[in-house]
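Peer 1: Below, each chain spelled out in residue letters.
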Amino acid sequence: MEAEVTFRVDGTSHRLTVDVRTTLLDALRERLGNTSAKKGCDHGQCGACTVLLDGQRVNSCLALAVAHDGAEIVTAAGLASDGELHPLQSAFIRHDAFQCGYCTPGQIVSAVGMLREAEAGWPSAVTAGQPADGGSGGSDGPTVGILTDDEVRERMSGNLCRCAAYANIVPAIQEVARG
Amino acid sequence: MRTFRYERASTTSGAVALLAEAPHGAFLGGGTNLVDLMKLDVARPDLLVDVRRLTSDRVEELSNGGVRIGAGVSNSQLAADPLIRRRYPMLSQALLSGASGQLRNLATAAGNLLQRTRCPYFQDVTTPCNKREPGTGCSAIEGHHRDLAILGTSPECVATHPSDLAVALVALDAVVRTEGPDGERVIPMTELHRLPGAEPQRDTVLRHGELITAIDLPPLAFAACSYFRKIRDRASYAFALVTVAAAIDVVDGVVRDVRIAFGGVAHKPWRAIKAEELLRGGPAGEDQFRRAAEAELADARPLAGNAFKVPLARNTMVRTLLDLLEGPR
Amino acid sequence: MSTITPRAMGQALDRLDGADKVRGLARYAFEHPVDHPAYLFPVQSTVAVGRITGIDRSQASAQPGVLAVLTYHNAPRLSTEDGELRVLQSDEVAFRGQIVAAVIAETSEIARHAASLVRVDYEGRTHNVDLRAEVPGHREHLRVPNEVLPLFPMDTAEGDVDAAMASAAVRVDEVYSTPWYTHNALEPHTTIACWTEEGFTLHLSTQGVTGIQAGVAQAFRLDPSQVRVISPHVGGAFGSKVYPRADVVLAAMAARSVPGRPVKFALTRQQTFSLTGYRPPTIQRVRLGAGSDGRLTAIDHRSIEQTSKLKEFAEHSTRATPSMYAAPNRGTQQWVAELDVPTPTIMRAPGEASGMFALESAMDELAIACGLDPIELRIRNEPDTHPHFHLPFSSRNLVTCLREGARRFGWERRDPTPRARREGGWLIGTGVAAATYPVLRLPGSKATIRADANGRYAVLIAAVDIGTGTRTALTQVAADALQADVEQIDLRLGDTAYPPAAEEGASAGITSWGAAICAAADQLRQRLATEHGGTVPADGLEITADTPENEYLKQYAMHSFGAQFAEVRVHEETGEIRVPRQLGVFACGRIVNPKTARSQLLGGMAWGLSMSLHEQSVLDLRFGHVVNHDLAQYHISSNADIGAVEVHWIEEDDPYVNPMGTKGVGEIGIVGVAAAIANAVYHATGIRIRDLPITLDKLLPG
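Residue numbers (this note's numbering), protein chains in the order written: chain A, 1 to 179; chain B, 1001 to 1329; chain C, 2001 to 2702.
Hints are computed from structural coordinates only; laboratory data are not their basis.
All figures in this text were calculated on a predicted structure; none of them were measured in a lab.
Please note that a few of the clues may not be correct.
[As the list claims (entries may be wrong)] For the chain C half of the interface with chain B, some residues (derived, Cβ under 7 Å), not all of them:
| hint | residue |
| --- | --- |
| 1 | Thr2046 |
| 2 | Val2627 |
| 3 | Gly2702 |
[Said to hold, decoys possible] Derived DEER-like restraints, expressed as beta-carbon distance ranges:
| hint | chain 1 | residue 1 | chain 2 | residue 2 | range |
| --- | --- | --- | --- | --- | --- |
| 4 | C | Val2175 | A | Gly121 | 33 to 43 Å |
| 5 | B | Leu1062 | A | Glu4 | 40 to 50 Å |
| 6 | A | Glu84 | C | Gln2059 | 51 to 61 Å |
| 7 | C | Glu2158 | B | Gly1137 | 46 to 56 Å |
By construction, the Cβ of each residue, glycine as well, lies at the ideal position given by its N, Cα and C atoms.
Bound-form chain A, shown alone (with noise of 0.2 Å):
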């Protein structure tokens, strides 16, 4: 069963026909040669496939190209500009914020989309408080504020590195956070 799909890619429009089974991940990699989001596990447990789908960050491994025809989607490789990095991308070259590479655009588009989140007020386990974590439990604002380490590590948990970069990630996501 095949069917016809249009996705915006990083700023260009492309019109294919797909398997009904292809997820968008391979959409991307095998169709239009657009590699920079990885398979890592094809099953939503590593993060290595995150692409901003419509603005947000999602697993495009568990996503069917013909459940989200229109899309728009910007991979790790769209968020350089003009041959400018994304600042994100600056700081995990800095602070060595990888050492494979293979998880790192999914990591990156991530931490962009998880910093938006945050910016509309949106918690996490953290700021939701597990009494046990030492959350404050039943906070209701919108504003997240300044995001703590602790934050970071938990909303960057569902990109997995198997280098296990993460003290180096941590940091670098913090210096595009604070400014």
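Fit chains B and C to the given chain A structure using the hints.
Peer 2: This is chains B and C only, laid out in the frame that chain A set:
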């Protein structure tokens, strides 16, 4: 993954009608579990009716002081909703303790409730599993069941329900509104999911083609101070070993009302009815909480590899109630 | 051997491939653009041992878009004795998950679905996959494995351990165990294989293009020149991509059956658990005897592990023990059981990671038994020369690392009493352990340097960068070897078109490849001076050199050392464990690039935390396979699990190891972490965990 027909409908009744004619079809919401299971050949729908944009994606206040959650609200939006955070913080905490930011952005509220178990054998078509293929046997009972059920199990199945959201909803006495081939109905959350019994293949009481359109939360003033506590093997991004959703209303040292539910312990979110009854009207304190937890867990029938969940569930419940009583340490 | 003067070395350069990696433009194997690819998907056995009695591929073949279904009936005959590589060669099944068929199709979706339609019938036989069943009274199944590295004998013995134990004032005699660990590099094993008249072109995720080239050439009876292997970027490997395995052979087979067409093959995450190797589980017994002053009189360390029936791989878990502490009576013994399981392989710090968990936990137990501070105990047992080889160490700064770490960590404020610190329901403890890893060099590397008249140097070597920072660090080495600036160096690697190179492994990359580059640079300079008056001729000058022998290997024992510190919190009521703080101090020779080296050590320490608390491949003894075979169930540490991590190193000037003075940083970061954490858990709770991983059920109050 087998191929399938993909359809969108313009109305919920249209979607219901489409599926009514396809006995092997399924509704597609965010897809975060269904697509996952289709890749594994565990789910084999021949028709997907996409309902992601069909049901409401709004959280609305009801005239009775309760809240209505549209089935299509994303897990992230729901967790961030000011009304939810203010009135039912345990619900927001439950969502935020589940999955990851990316998954919560894709996943819908209704889809969250209809996740399938993460029992390893259910997800592996090369092993027997009564839930996946009735009559083939349960591989988990004699196998790896560390994460699986201790309450309400059957000789056929020891799976746990993976949703954290459902646990909070059960504690809050929420109801789901559905539309199906036989019309609309309202199902209490405590009755939506079922115990495995002899039919572990059925997770819920929903009929084929019945679509969840909304979730209604009744007003519950004392839930404004409530907790969801999740115990797991990793600090984040892991399914539960045990969860506790709790709210307690204490006046002058006496428990006026209390709501407690466990997750990660049964085939359904486990409302701790016995514990609640024991506590209601009595003094609030550690000993009482402990006795109530023990009474609730007295029927636990753990397996060799998950017996630890009994003391874990007890201690977590006691600690959560104490934290509500005393404020976090 | 002359050492080179560091100018570029020691500079914290950003990764040269950083800008590509942060945009996702660095090409990993599966991403190489190819025209009109076909896709491959394997069928895996559902029995652990037995014989295939029938294969029905009719349904699969009938699917539109299926190009071929490979089985042992129609697959090309291979020429290899490596049991793991002999894919589709017979009807025998040796482990659950072994490849028994494969589908080639027009798209990945079709290939995967068609593979699910291939019906395979088996005559299963009783399997034996249980290492623990091998231990009591079943020694007849166990044997001493072959040597892994010639330098380190599998078994060692000196003095009389039993007699020394009998007369020791203080004794520790405990059994420690580690589980089956799976690498889970984020990039699964992937290949694009193409067969043309010229032979194979393989875009492959590998730690060693030269080794793959040799393995594939042999299997298909080709000259190595007919196999080109290209691997510019690798998405993590950790040992799992050193040796060729069935996946690359299968991809090559598939390419042969659709000549001219590139075949793309990516293992699913689930498939990697049975097809790409793992760190074997270990059962270890450590006996320590000491005087009441803590001075060791006996050290004995024995380990039982598993391998497959296809091929032997033995993790040398006792390897580090003879290098650690002085004691007149010492022994190490290693046994291996052949089970109906996939073959294990190298995994980050093979041997040391599991072995030092046991030894360094036992040292902590001894310190407690003696009433001594665990750092003081280690200092008291510091040897003057290598206890087994009786050679001086080329450099040994274990004591410096322990003292420096203690100072930075705040160790002197520690009350050694267990359960002495509590905060908000959490018990807090701290622990320490020593780390070591040998300085190794792997044979078989050559480097070519081409100097041009404009002052640029092309440095060619078939090394790979698996994320360690090789591309950057080797450029720095080459700059110093050539007394040039980094900008003058054009390093090319990851391709068998360049001179052969040893695999990336054993923390030996810089030692093995860097020494070859230094040798080539030396010869280049000499040739320039003697034949060209010191100037590069207009048409350039090219030199190729091998990694030279190191005459000091016979005179010195060469090891890195380190000290690992950890703070843990254990929830009093739930047993939940957090590690808010880790600190490591290492003595690893010269640090080529402080930025990338720090990342290596930091990553190793997080690996140590992950192996301590999270990781475990759960084997179902009835079926014979790992049941938690995905990243939701096999936990690797997430961002939220890692707290503050401090990495420090001691300045070391070791002129004996290699021309750069480097000792390797890839592995030592993981070594000792599990013991430091287990020791800290004991300090926090009074509960000694000897069986990894340390999960909350083991600490839960009843």
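Peer 1: Should the hint that C/Val2627 touches chain B count as held when the rule is a Cβ pair under 7 Å?
Peer 2: holds, 4 Å
Peer 1: Taking the Cβ atom of C/Val2175 and the Cβ atom of A/Gly121, is their distance within the range 33 to 43 Å?
Peer 2: violated, 53 Å
Peer 1: With respect to the beta-carbon atoms only, verify the hint that C/Glu2158 and B/Gly1137 lie 46 to 56 Å apart.
Peer 2: Taking Cβ atoms as reference, C/Glu2158 and B/Gly1137 lie about 55 Å apart, which means the hint holds.
Peer 1: Next item in the hint list is C/Gly2702. Is there a CB on chain B closer than 7 Å to its CB?
Peer 2: With a closest approach of 6 Å, the C/Gly2702 hint holds.
Peer 1: Against the range 40 to 50 Å, how does the distance between the Cβ atoms of B/Leu1062 and A/Glu4 compare: consistent or not?
Peer 2: With Cβ atoms ~42 Å apart, the hint holds.
Peer 1: Taking 7 Å as the limit, does the beta-carbon of C/Thr2046 come near enough to a beta-carbon in chain B?
Peer 2: holds, 5 Å
Peer 1: The hint says 51 to 61 Å between A/Glu84 and C/Gln2059; measuring C-beta to C-beta, is that right?
Peer 2: holds, 53 Å
Checked against the numbered hints given earlier, this structure breaks only hint 4.
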